[in-house]
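Let chain A serve as the given structure and place chain B on it in line with the hints.
Sequences listed follow chains A and B, in order. Remember, the numbering used here sits 1 above the position in the first sequence when you count from 1. Remember, the numbering used here sits 479 above the position in the second sequence when you count from 1.
Quick caveat, the hints were computed from the structure, so don't treat them as lab data. Each residue gets a CB set at the ideal place from its N, CA and C atoms; glycine is no exception. One should not assume that every hint holds.
[To be verified] Pair ranges (Cβ atoms, derived):
no., chain 1, residue 1, chain 2, residue 2, range
1, B, T936, A, E88, 21 to 27 Å
2, B, N1036, A, I168, 39 to 45 Å
3, B, A955, A, I160, 54 to 60 Å
4, A, E88, B, T831, 21 to 27 Å
5, A, E88, B, E951, 54 to 60 Å
[What the hints assert, rightly or not] Partial pick of chain B residues on the chain A-facing surface, computed with a CB cut under 10 Å:
no., residue
6, L850
7, T856
8, G905
9, T960
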Amino acid sequence: MSSVEETDAPAASRQGQAKATESPWATAFRKLRRDRAAIVALAVLVAIVVVCLMAPLYARHVAMTDPFVTNLNGTVMIAGEERPVLEPSTTGLGLGLTPIGPTWEFGPFMLGADNQGRDVAARMLYGGRNSLFIAFASTLLCLVLATLVGTTAGFFGGISDTILSRILDVLWAFPIFLLAISLSIVLLNQTLTIGPWRITSGSLALPIFIIGIVYVPYVARPIRGHVQTLMGAEFVTAAVGLGASPWRILIKDILPNVVPRIVVFVPLILALSMIIESALSFLSIGVQPPGASWGTIIQDGQGLLYSRPAVALVPGIAIAVTVLALNILGDGVRDALDPKSAMRIG
Amino acid sequence: MARHFCSEIPHMRNKQTTGAVPAHGLSGPITIHSYTARKAHRYLQGSRAVCERRVRHSRCSELPLLALTGHDNEAAPGKNARRTHINRGMGMKNRTSFAALTSGIALAVFATAAPAGAQGTPGGTLRLLAKAAAGTIDPHINYTLQYFQINYILYDGLVTFKKAGDETGFDVVADLAETLPEPEDGGKTYTFQLRKGLKFADGSDVTPEDVLASFQRIFKVSGPTAGTFYNGIVGADECLAAPADCTLDGGVVIDEEAFTITINLTEPDGEFLQKIAIPHAAILPAETPIKDMGTEPVPGTGPYMIESYNPNERLKMVRNPHFEEWSAEAQPAGYPDEIDYDFGLTEEAAVTAIQNGQADWMFDPPPPDRLAEIGTTYADQASVHPLTAMWYAPMNTNLAPFDDVRVRQAVNYAIDRSAVVKLFGGSNLAQPACQILPPGFPSYEPYCPYTAGGGDTWSAPDMEKAKALVAESGTAGQEVTIIAEDNTVSRAIGVYLQDVLNELGYEAKVQAISQNIQFTYIQNTNNNVQISISQWFQDYPSPSNFLQVLFSCASFNPGSDASVNISGFCDESIDAKMAEAASLTLTDPEKSAELWTEVDKAVTDAAPAAVLFTPKRVDFISSRVKNFTFSPQFYWIMSQSWVE
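Next up, chain A with everything else stripped away, as it sits in the complex (with noise of 0.2 Å):
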């Protein structure tokens, strides 16, 4: 035994060398890979990207189908028998059609089909494609301009930081659904013009613009708050003391110390974002017709609840493990970034 720990006593002391040496992003990405369950979930997110970027391939090689065009009249070879993909109810008053359920076979309509007879197993990898773009593309947005906002705003103080904070607090008093219904009005006959962004009433854009407004002061008061702190610590009055001016001081001190509570930032806002992105499309504000996200999936599927559940299942299972697993990646990455975990591990 004394010979183990005498062998071992060097390499710890290496090992606490190193510890001492590597950065802080190094500190946190070893710790992060000690946390299982953020790992998995990684894991999880990224089958998930992958499988939706295959969209294409498994419309064009395996539902051999176009989902984005109506397939009421089509059939499918199922067991060696021709079956209508929306099948007529032939007994009672004939009342009614049902589309066809899943299959369970790598193949057409494994997932079943939708009212318009299209492939669902396809149009998830295709909603999943969009529901994720929607979801990254309005997180960056929500990180930039909440940075910006929240560091100006508690950097810079006094006028700035009064008016900023009671643009955030109008900004989240404003019920997101109420400005996404009527934006998605207003945009019908009309275009949205930010600088050199022109939005329709059916892009893409409209929900990633809203998403990514609208939850701007969920992650800039926290940052105005930090940066306000920051502003008192020690290196900064250092800083201040060496005549370092306010830009170096914001961009070398105060920034990458900002840095680590964005990035927890980003699972948590990627899982509103994907939460709220199915809500609009729930409602039709968000992606449009033929287009698929989950939330139209549910949409689609919410007319066959009864009969067909899978069709709205299925969109609302794979929200819930995105969800589920973006926030236990979010609890990783915070508890990699945390001084005070590293503490508790250390």
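Chain B in isolation, oriented as in the chain A frame:
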């Protein structure tokens, strides 16, 4: 009923009767329906045996009882399916020309109607469900099918549509008036003799003064049809210009002593009696405030009155203590003691509530995914009724690319109407159509120039011809936006149309907007709507209610939310023919009917819209509702059903 709020009503009701009468229903003066009833009885004897063998159906014991009703829609599903193709809708002026068509139909329809002398048990409470309330309960203002249906049993006009479960439901009969007046002065004057001894629900007498005040009120509260249905009354122009000062001087003249009301029109109007038979011309107490009454009940003369109304919860109707039946065909006494109309349940929940016996009927159509279940497991509680209505896609004749008739015709050729019917629920719930007038409507004559292979009825799309027309027009590649309603069926049809337009070479997109605003949005030319999905349901059975209302120059009001000529279609020669047809309604009904048929064909050829299909209505009732009577005009006459 026109389209008003009908966005919430993808398919509306139509006729048919179901329900049971006691066993002595067969021992009475059975005429036509006895044969049907006996056939049904035999069928159900077999059905009951099957039912009991399976030991699943808790209502097996009811089957023989149902057999005695004479309602073979409950008895024999197969036969019911055939009946759904029966077309009715005879307007009173043109029935002669449809005699041949209806002779066979009438037998079948009558066979399904409530048996004459049906004996019900008064009492009990009818529990109705709707997803949402339909706004104000002011009968002069509310323009929704949902409340038209109850206003018919709450209020009366001088005349009304006969409350009958057969094609005579389209007939106008005297209501508060003693008799139907004969038109005088070439159709410009109508004199009504008001019945004496009638009372409002508040106990006050019905007098000619109330009639005058009611007609004035239509204008004073700016009723939605004041400018369209009642603008022909002398003095109406002044009333429309200054509603608050409306007197209808010279237009509605009353004689307090003789108890008469004389209505003078500026021009002969053969449809005037139909126009005053709808609830907008209900007679209310003269003291009724000149404002939208909102949730405040207004006393009426019908067998029921509103006791309370909370749009977020319930509309409660109870018996009118002052009601005494004066005309069984105009306003028969009701069976239930109370009718509760509850709001807020989704369609899914409503279906389940009816299945469980917690509610008796739902206003909204059953959701598509419950139809198969309703049509099989609950077939004896469901009935399907063809409607005098249409689903259509109005195309803006003043906006590219639809300002070119070839493009509009191309769309008509390209649409696979059988596919659209599938989106609505299948061939038992809709019938492909490509002309304006619905089957069975006055002046209807099968006509379809947009079908592959020719013929009078639509059989298949002709995409080749459609593409050729688009190529001729040189409009391919243009952007087209389809405005649909934000509900399952409308959105699905919009997406289908998008596919069709894309295949024709356009860059189409669909925008589904809230059904609360879609109808007004697509009417307003300022919104530059190119093509949309809409529906039209008759107000009264006259071809003008489709052709003139939807496609005349007068119905096109640029920049207004109330421009029901959504296509902006205005053809002077067709307009002149419509005017001629309307003017001949009284003097030469047959010629008028012929002209309307010509107008129907001319409008169809000009293709301001692509008519998609004629919808049918599924009514789903609880097992305790008996004598379900379906009028083509009122749909379910709820006062005539009883509960067990």
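(request) Sort out which numbered hints this structure fails and list those numbers smallest first. (result) 5
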